[in-house]
Amino acid sequence: MSSTEVTETAGRPEDIRAAPVRRPGRWVAAAIVLVLAVSIVRSIVTNPHFEWGVVGEYLFDERILEGLRVTIELTVIAMAIGVVLGMVLAVMRLSPNPLVSGGSWLYIWFFRGTPVLVQLLFWYNVSALYPKIALGIPFGPAFVHLSANTLITPFTAAILGLGLNEGAYMAEIVRAGIISVPEGQADAARSLGMTRLETMRRIVLPQAMRVIIPPTGNETISMLKTTSLVSAIAVADLLFAAEGIYSQNFKTIQLLIVASIWYIVCTSVLYVGQYYLERYYGRGSSRGGERGTLAGRVLRGVLSFRRPGESARPGGGEHR
Amino acid sequence: MSEPMVSAEGVHKRFGRLEVLKGITLRVQPGEVMCLLGPSGSGKSTFLRCINHLEKINSGRLSVDGELVGYRQVGDRLHELRESEVARKRSEIGMVFQHFNLFPNMTALDNVTCAPIRVKKTAREEAEARARELLARVGLPDKLDCYPAQLSGGQQQRVAIARALAMEPKLMLFDEPTSALDPELVGDVLQAMKQLAGEGMTMIVVTHEMGFAREVADTVVFMDAGVVVEAGSPSEVLSNPHHERTRAFLSKVL
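Quick note, the sequences are listed as chains A and B, same order.
Residue numbers for the first sequence follow this note's numbering, so the first one is 1 and each next one is one higher.
Residue numbers for the second sequence follow this note's numbering, so the first one is 321 and each next one is one higher.
The set of hints was computed from the structure by calculation and includes no laboratory data.
Here a beta-carbon is modelled for each residue, glycine too, at the ideal position from N, C-alpha and C.
Check the hints yourself; a few may be wrong.
As the list claims (entries may be wrong) - Okay, the calculated beta carbon distance ranges per label pair:
hint, chain 1, residue 1, chain 2, residue 2, range
1, A, L197, B, S499, 25 to 35 Å
2, B, N378, A, F143, 22 to 32 Å
3, A, P206, B, S472, 55 to 65 Å
4, B, Q511, A, L197, 31 to 41 Å
5, A, E172, B, E387, 51 to 61 Å
6, B, Q515, A, P206, 47 to 57 Å
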């Protein structure tokens, strides 16, 4: 009988059922983690100094909720400015015109090179530098004169500081996304008669999104927390509201817990949003083509821990 | 004799100090199929990319359908064309790439309808009907909703041919369309190209498929080191080459 002969087996071959390798180390590690977790939770629940009643009392306090609204508003506006500015700066950075790409480089260098808190304080105090802001023809007559003090409120200073800073970081993220798209894509689009701008908008940017979205999600989550810096320039955000309350009742820890709970609730919501965005822009790529809901994926992950022989991502890479 | 579809006279192209094309002169008549052969680095692909102005030529004259590529002649001065004018001219020339370059985030159908809808402003229903017809013609009537990653190389390249045809080009450029394919899949792509040639499309094909060149080409051009070494009918160039360089190349590939 030749070794290359193909034999037909009747029906489906049986799956291998082997006794798994014993892993005592895993059990020891799991036990340590469990003991630690239980003792931490026990101490948090039983330590009377946490005063969970106070936390519950202030969780839905009107001032806290108003602060939360300002925090979310700041995050949304600053990120919107950051993303749009980042796209413009990234496209400028890739321009063949050295003045345009140099200007973009200079912007990114400056805004990434100085702390965002310093930038916030700078915008807050900009009226000392430019008491009047005029709109008009450069070096020519001006049509509108505005007082910087009325124009730059703490809120606009916060938006400017956070948004302009974010633009520099987003520019690098978008640029990384754009150069991750193979040049052949632009060749193909241009050979079909699309202009440079159409090619960028219709072909390159949508593909770059797959690379851009995950770090942008990071940036948004980071921004949500960075907005807490604006309490330094008297914008009534979530942290500022908590500070205002504990400066009167001295329940410092409890109000910081209240603020933290809201921050973590918001970032959790952003996690879910990021998952669905990534799935949308991952269309057509085998690694991004995972189907099913977020909950389903988490459930599969948990179940796969119980069956260590199987892949943790049974849905990964499957084709329709 | 009718006006040539493509006419090149002394076309030079440099990348920095590297001279890739050193004076290419050739003509392609409407309905003609021309195969460009030659060793890698001989400038075949670069010449193809010059024809639809993906690369700018440094000197010489290159025109498609009687109009200069990338320039307008006013008196004896050349004016560069605006971006939108270049794009409009490119839209009349189809190009098929070695690595397919399908848009991976679009289905086969969207790949084919994308340019007609965006560039030609064709109505979606009309573009889709035409795309279905084209995909059926290249033998993929049941792959409309597949993403490129779900198709074999040969299927992807046939979608790419359909995508180029959707713009109703007057000239098709093929840049080594079968070089990235498994030998088994080459036949389907060549079949689609042969069919296209049979319908009277003007085609310039950079290829290493000698069988295709012999069977389908009207003219075979052998290029080496940026110049045309030899040009003529397939039987002349492939079976009875005059130049030593052509003979040496053919003895290796045949």
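These are the hints, each one checked on the structure:
One distance hint, 25 to 35 Å for the beta-carbon pair A/L197 and B/S499, holds here, with the actual separation near 32 Å. Checked against the hint of 22 to 32 Å, the pair B/N378 and A/F143 fails, with Cβ atoms roughly 49 Å apart. The supplied range of 55 to 65 Å is broken by A/P206 and B/S472, whose beta-carbon atoms lie about 24 Å from each other. Separation of B/Q511 from A/L197 is about 37 Å and conforms to the stated range, judged on CB atoms against 31 to 41 Å.
Between A/E172 and B/E387 the CB atoms are about 42 Å apart, so this pair departs from the stated range of 51 to 61 Å. Range check, B/Q515 to A/P206: about 33 Å between beta-carbon atoms, so the 47 to 57 Å window is missed.
In summary, the numbered hints that this structure violates are 2, 3, 5 and 6.
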